[in-house]
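Assemble the whole structure, with the sequences as input and the hints as a guide.
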Amino acid sequence: MANAVGVWLAAELVWPALGDALAPLSYGRWMPLHMNWQLYGWCALPLVGVLLAWCVDGRHPQVVGQVRVVLGAWSLALVLGGVAWLGGVTSGKLFLDWHGWARAVLPLAMIVLWTVCAAHAWWRRDVDSGRVKGLRGVILAGLLFVPGLLYWSAGREVYPSVNPDSGGATGTSLLGSTLGIVTVFGLLPVMLRLPVCHLLSDKLPGENGQELKPICHLISDKRVWSAGWFWGALAGSWVVFAGIDHGHASHHGWAQVGGLGLLIGWVPLAWGYFRRFEWEAPARPWLYGAFVWWLLLVVTGWLSFLPGVSERLKFTNGLVAHAHLAMAGLVTSVNFVILRQLAPRREPRGNFALWQGACVVHVAALLALGWWERDYAGDLFRGETWTLVLYAVRLAAGAVMLAASVRWLAAGKA
Amino acid sequence: MFESTTERRVFGAAVLVIAATYGYFLIFAEFAFLELLRETGGVGRVRLAMGLLGVAGVAGSGLAAWRFRVESYAKALRWGAFGCALAAGLAWCGGLNLAAVGIGLSLGWLTVTLAAGLRATVGPKRLGLAIGLGTGLAYAACNVPAIFRATPQAQTGLALGLMLAAVVATRGLRTGRAEVSSSGDFEPRRAAAWTVILMALVWMDSAAFYIIQHTSELRAGTWGEERSLWVNATIHFVVAVGTGVVLDRGGLGRVVCGAWVMLACACVLLGEQLRAFVGAEVLYTAGVSLYSVALVYYPARGGRAWLAGVVFAIAGWVGSALGIGMAQDLNAVPLWFVIVAGVIVVGLLLARRRAQAKHALAVAAVIGLGSLTFPATSARAADAEVLRGREVFIGEGCIHCHSQYLRPRTADVMRWGPEKPLAASLAETPPLLGNRRQGPDLTQVGNRRSREWNKLHLIDPRGVSPGSRMPSYAYLFQEGDGRGEALLVYLASLGVETDELRATQVGEWAPAPGVSGRRETGARLFTRLCMNCHGAEGKGDGVMAMRLSVRPPDWSRDAWRRVDAADEAGTLARIIKFGLPGSPMAGHEYLRDEEVVSLAAYVRSLRGTGP
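Just so you know, the protein sequences line up as chains R and C, in that order.
Residue numbering for the first sequence follows numbering that gives the first Met the number 0, starting at 0 and increasing by one per position.
Residue numbering for the second sequence follows numbering that gives the first Met the number 0, starting at 0 and increasing by one per position.
None of these hints come from the bench; they were simulated from the model.
Virtual Cβ for every residue (Gly too), placed ideally from N, Cα, C.
Do not rely on the hints blindly, as some may be mistaken.
Unchecked claim - Listed next, the stretches of chain C that the computed footprint assigns to chain R, with coverage defined by at least 3 CB atoms under 8 angstroms from CB atoms of chain R:
1. 246-259
2. 316-324
3. 462-471
4. 562-570
5. 590-596
Unchecked claim - Computed Cβ-Cβ distance ranges for the label pairs, DEER-style:
6. L408(R) / V342(C): 31 to 39 angstroms
7. L143(R) / D480(C): 39 to 47 angstroms
8. W237(R) / V237(C): 44 to 52 angstroms
The structure is reproduced here in structure tokens:
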């Protein structure tokens, strides 16, 4: 759905008259659907799946129904959000458009998710080791604050620190959000290796046909906890984050540039950590893809933050390219690592290459447009041919990515 | 938080009376009394007693509303609490039918009196907190395992004790000034809407409560374990107090919406397929706390006895009876009922919002008329229209193509300046800095685009700016729709105070030395950017010309209007780049110097004065 809306938006940029045909559902009203459905739908739901797989007790007779209720509540929240945004009910804050009557719908869905996870964590406490219970407790305790935080941060009176020289995010904010992703990276192997996910998908029968016991074997596996260097480096990075100026700091300050540069070290570190685990064969191509995108994301993210480069790319399609590099490139690849790990199955023929290839073209077209935009903004505003061509290339790449998504959907239903 | 010890004492006493009243209702009227009825008789007796209780409750509510006097608030509460205690004593002694009448009359009296005088007692600022604390304490206490699992006789004794405690606590109350809220929420029509909303919530709660209470599996899951009871007690307390705080901040609509969502989810989850689902328990508990606080808060906020009487008689007693009746007959809450309740709740809240908007417009109109004699109020009316226009800007998602941030020391400042301090941008709620530009920055658009140009551009963007990717917003300007006009007011307000600075900035600009133009470039740009207004040969006969308030000149015949003859090339270049503020002639700030020079040279050639 989010991809379809994205293609529609890309088409409107090539043929603006299309937007008039659907008035009052104009470009600006569709944008929050594309952005938020990507973030809270496509990016979030596989992680919701990981959390459920890690928490739910497969022995419970109503586990399937309960998981459906969670996913139903989440989906309903996204649909209601879409209705609100199309109706012009929005906070005016990108990625935090939840506003008015729709402000609480996603937090409520999160509460439903948390309730189910917490209940199952409680029910299965007898079979889990103390370590697993502790980790689960800590994570669930942290997640308990998320609905309230989302509700609060969607308020119009709340706004993050701003880089005064670019009008965008500060280096500290970018460092913090990326370290959050690294933390999720670190937890993924721990949470994915629990056999509960196999119970859910009915893929792996227990030994000799006996009932599977949802015990986390990996927690006792030294490979996770012996990777102390990973967790130590992560803790160190968070300490650096805590020590950097959290106010309205400029990208001309060395601490902001240096702090963000810290992320480059996380390219080899994350790779070194992930390669310690045995991934399912169908997940591996996606894992390699994810790390290529991760490398590009971190390096280009830092370069585009540098004085001079930031001035050239901010407010242009260059940063839109970077956002797509993150979402369509990295996050999609990581999501498929998760999906293929939870339910190993083969790709529809050629779909991996189709998606990744189209994503490269998509990002390259936007980056090229963004790079020249500073000097040729007028060409973009008045729709000169070369800008149209690049937008058309982007539209074609988006359409290919949409086709790949439809094929995945069809393969999943089959 | 409190300005004096007396104030703190009054607040504490009010919380205690609320807690005792709610506790009596929860542990006795709604629970132990029913058990006593079941112990001594069959279904028929239960129904008869419940019917008596309901009718007496409505009568007691009406009586209290009729007899309410704020001066004798504490005394009336004492009589009500005393009557409740007496009814509990009667029930203990076995006079159940008489007790039912006594409970209904005295509880109806007590609740209506309590709500009607709370505003005058604790004041409007901490009203929600007092009610939230009292309600939360009552719910939490009733879920303490020792109390919850006590025998009906012991619970009856406890209820009697609670009422005696309430009698003592009323001595700490001090009645303040009798005042009522002037909000439109308490006008008869809106009060009726709120009563219906609250009734729908009571209806759903009563039905869900009855189903849980009468389904052994659900009862065991909800109240069976000691742990569940402690969890319920905690949720009740936390949610009730939080609700009180939200209500004090004007969140009544959000609270009832949240209550409906939670109760609706709980009711759906109580269906056959999903029974014993832990989420239903949590959602039900939280939803009940939300609406229970709102049920007392709404009439208390109004400070009107008749309103409290209507709310408790209809929403409380009638809604409760309907809910229990439905659960008895169907043993489920039908999905259609949940949806209808939702439509009623959301529909009436939306209607309320629209009414508020109309009210705001009416106020704005009155202020606008008043402005003929009082300039200060005129500014306020203009502000209201600017804010409305800003909402349109946000709702239409203009931020996705237009930034409102000029980066210092970059080309932004010359193109769309002058700069605006970051602090000023962040002071707006929310800041609209934007993320990318499909079109120009709008931080100071008011100093460089006329209202006329903005309107034409919004209605026909590609007619005015060929090649523009902006969709048409003609629908904002349809007859009777003021959004377009409000948006124009908002755009005009952006940078309105920077006119002089901008004029200086523009006056100092000149193309970089040594830049030369090319005729082909000039011709191409003229066709693209200027022809629609100025015509193909500069005769002022473009397709848009007739729609402008000032027709463009015919350069083959007319004199220059605003071009300095001493510096024809320079002035023309400046006009091409920055336009003529206040007129339909807009600038093309994004053009590069060689493009401006080429275009200026081409225009001069059309007039026959070019090189």
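Let me make sure I understand: some of the numbered hints might not hold for this structure. Which ones are they, in numerical order? 2, 4, 8
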